[in-house]
Structure formats: C-alpha cells, structure tokens
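Asker: Protein sequences, first through last, are from chains A and B. Going by our numbering, the first sequence opens with residue 1, and the numbers climb by one from there. Going by our numbering, the second sequence opens with residue 1, and the numbers climb by one from there.
Honestly, the hints are just simulated from the structure, not real lab data. There could be a bad hint or two in this list.
[Claimed, not checked] Derived contacts from chain B toward chain A, CB cut-off under 7 Å, selection only:
| # | residue |
| --- | --- |
| 1 | Ala2 |
| 2 | Tyr10 |
| 3 | Asn52 |
| 4 | Gly53 |
| 5 | Asp56 |
| 6 | Ile98 |
| 7 | Tyr99 |
| 8 | Pro105 |
| 9 | Leu109 |
[Claimed, not checked] Cut-off 30 Å, straight-line C-alpha distance, at most; resulting in silico cross-link-like pairs (DSSO-like, lysine-lysine):
| # | chain 1 | residue 1 | chain 2 | residue 2 |
| --- | --- | --- | --- | --- |
| 10 | B | Lys62 | B | Lys44 |
| 11 | B | Lys15 | B | Lys83 |
| 12 | A | Lys69 | A | Lys58 |
| 13 | B | Lys44 | A | Lys68 |
| 14 | B | Lys15 | B | Lys78 |
| 15 | A | Lys69 | B | Lys44 |
| 16 | B | Lys44 | B | Lys11 |
| 17 | A | Lys42 | B | Lys83 |
| 18 | A | Lys42 | B | Lys15 |
| 19 | A | Lys68 | A | Lys49 |
| 20 | B | Lys62 | B | Lys78 |
| 21 | B | Lys11 | B | Lys62 |
| 22 | B | Lys83 | A | Lys49 |
| 23 | A | Lys58 | A | Lys68 |
| 24 | B | Lys11 | A | Lys49 |
| 25 | A | Lys42 | B | Lys11 |
| 26 | B | Lys44 | B | Lys71 |
| 27 | A | Lys58 | A | Lys42 |
| 28 | B | Lys44 | B | Lys83 |
| 29 | B | Lys44 | A | Lys58 |
| 30 | B | Lys44 | B | Lys78 |
| 31 | A | Lys68 | B | Lys62 |
| 32 | B | Lys11 | B | Lys83 |
| 33 | B | Lys15 | B | Lys62 |
| 34 | B | Lys62 | B | Lys83 |
| 35 | A | Lys69 | A | Lys49 |
| 36 | A | Lys49 | B | Lys44 |
| 37 | B | Lys71 | B | Lys11 |
| 38 | B | Lys44 | B | Lys15 |
| 39 | B | Lys78 | B | Lys11 |
All C-beta atoms in this analysis are idealised placements derived from N, C-alpha and C, irrespective of residue type, glycine included.
Each chain, letter by letter, is given below.
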Amino acid sequence: AQSVTQLDSHVSVSEGTPVLLRCNYSSSYSPSLFWYVQHPNKGLQLLLKYTSAATLVKGINGFEAEFKKSETSFHLTKPSAHMSDAAEYFCVVSDNYGQNFVFGPGTRLSVLP
Amino acid sequence: EAGVAQSPRYKIIEKRQSVAFWCNPISGHATLYWYQQILGQGPKLLIQFQNNGVVDDSQLPKDRFSAERLKGVDSTLKIQPAKLEDSAVYLCASSLNIYTQYFGPGTRLTVL
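With the hints as constraints, model all of the structure from the sequences given.
Answerer: Set out below in structure tokens:
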C-alpha cells in the first residue's frame with residue numbers, strides 16, 4: 001500500500017522569499033513521485049516528476065524537488081515566490097509501472113505582497 | 001492541441017437519482033483516469049483504463065459506480081443511485097506515457 005503525507009495544510013510566504021512544501025511518502029516498492037499544482041478554477045497541472053533517474057528534479061516555473069530515499073521525502077522548493085504561485089499543491093506517489101496513483105491531501109500556498 | 005474535455009461542468013441531482021459524466025481524452029492518449037475530489041481533499045483514483053481495458057478499479061464503489069471506455073477513446077462514469085457523500089468534483093485525466101497526466105476541468109456534482 002502507498003500513502004502520502006503533506007506536513008502542512010497551509011503555507012504562507014512573502015513575495016520574493018523561498019518556498020518549501022513538505023511531502024513524505026510510504027511505498028512498498030520503488031516509487032515514482034510527482035508534484036501537481038491546482039490554481040483556483042483551473043485544472044491540475046504537472047510541475048515535476050521523479051522516475052528513478054536524477055534525485056534532484058527541476059520542474060516548471062522555477063520549482064524543484066529532491067528525492068531522499070533514506071528520509072522517504074520529496075519536498076518541493078522554489079528560491080523566490082511570485083504572487084502567481086498562490087495555489088493548491090499536491091504530492092503524488094505511484095509505482096514504477098504507472099499504476100496505483102495516490103494523491104496527498106494538498107498544501108495551500110499563499111503569497112503575501 | 002486540444003485538452004481533455006469533460007461534460008457537463010456542473011450537475012445538481014437529488015439523492016437516489018442517477019447521473020453520468022463524459023470525458024474525451026487528448027487524441028492518441030491510451031491511458032484514461034477518473035478521479036473523485038471531495039472538497040478539501042486530494043483527488044482519489046477511481047478507475048484507470050489502458051485503451052478500453054481496466055488497469056485499476058480497486059477504489060471504485062462498484063455497487064453504485066460504473067465506468068466504460070468504448071473503442072478506447074471517450075469514457076463515461078455513472079453513479080446509480082447517488083448518495084449525499086458523492087458530492088465532489090469528478091476529474092478525468094489522460095496520458096500518453098505512464099508518468100504525465102493531463103487533467104480536464106472536472107464536473108462538479110452536488111447531491112441534495
């Protein structure tokens with residue numbers, strides 16, 4: 001069985017400061033990991049994915065995440081937040097065969113001017 | 001390139017009624033997914049199709065939910081009869097490879 005824990009339901013940062021959204025996972029096998037973003041009234045969009053290649057993964061809009069097997073973590077970071085980053089972020093785990101997708105509960109990111 | 005299309009966008013029904021949702025994936029995408037997203041929660045995978053075969057339906061409440069994907073293209077998800085707890089956004093997604101899913105705008109279902 002697989003599960004995802006997103007440690008913060010809400011994160012608030014000031015524009016121009018770093019962003020850290022935390023994700024821990026549990027998996028019976030080597031996982032694939034993803035971050036998706038959901039802006040209000042818009043569809044879910046893939047930010048980045050880890051699929052057993054490089055452990056530091058770069059995504060769109062300046063986001064990146066690091067896979068740490070020993071810590072079972074896949075935290076999402078960005079050096080400098082923009083107002084447009086305000087959205088709901090979901091960490092997702094799957095197996096390596098493209099099955100058993102499990103979404104975390106989400107973290108709402110607020111960016112203050 | 002056209003995205004994933006879903007209809008209707010909104011639906012309000014009484015409990016015990018039936019409802020159906022339609023999804024048209026991106027052209028050429030063999031894999032299609034249906035998710036249920038209850039307010040304040042992450043999406044939950046209901047069913048995954050590869051072409052017109054079911055890959056995973058372990059979380060589909062089969063006593064009331066059904067889904068089909070005829071000819072490996074469009075798909076419909078049906079609820080019969082609906083319960084209050086089925087109120088949610090139903091998301092359809094498609095993918096060309098096993099890693100990147102493209103999501104539609106969703107259908108918001110309200111059961112009264």
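Asker: Which hint numbers does the structure go against, in order from smallest to largest?
Answerer: 1, 2, 3, 4, 9, 22, 24, 31
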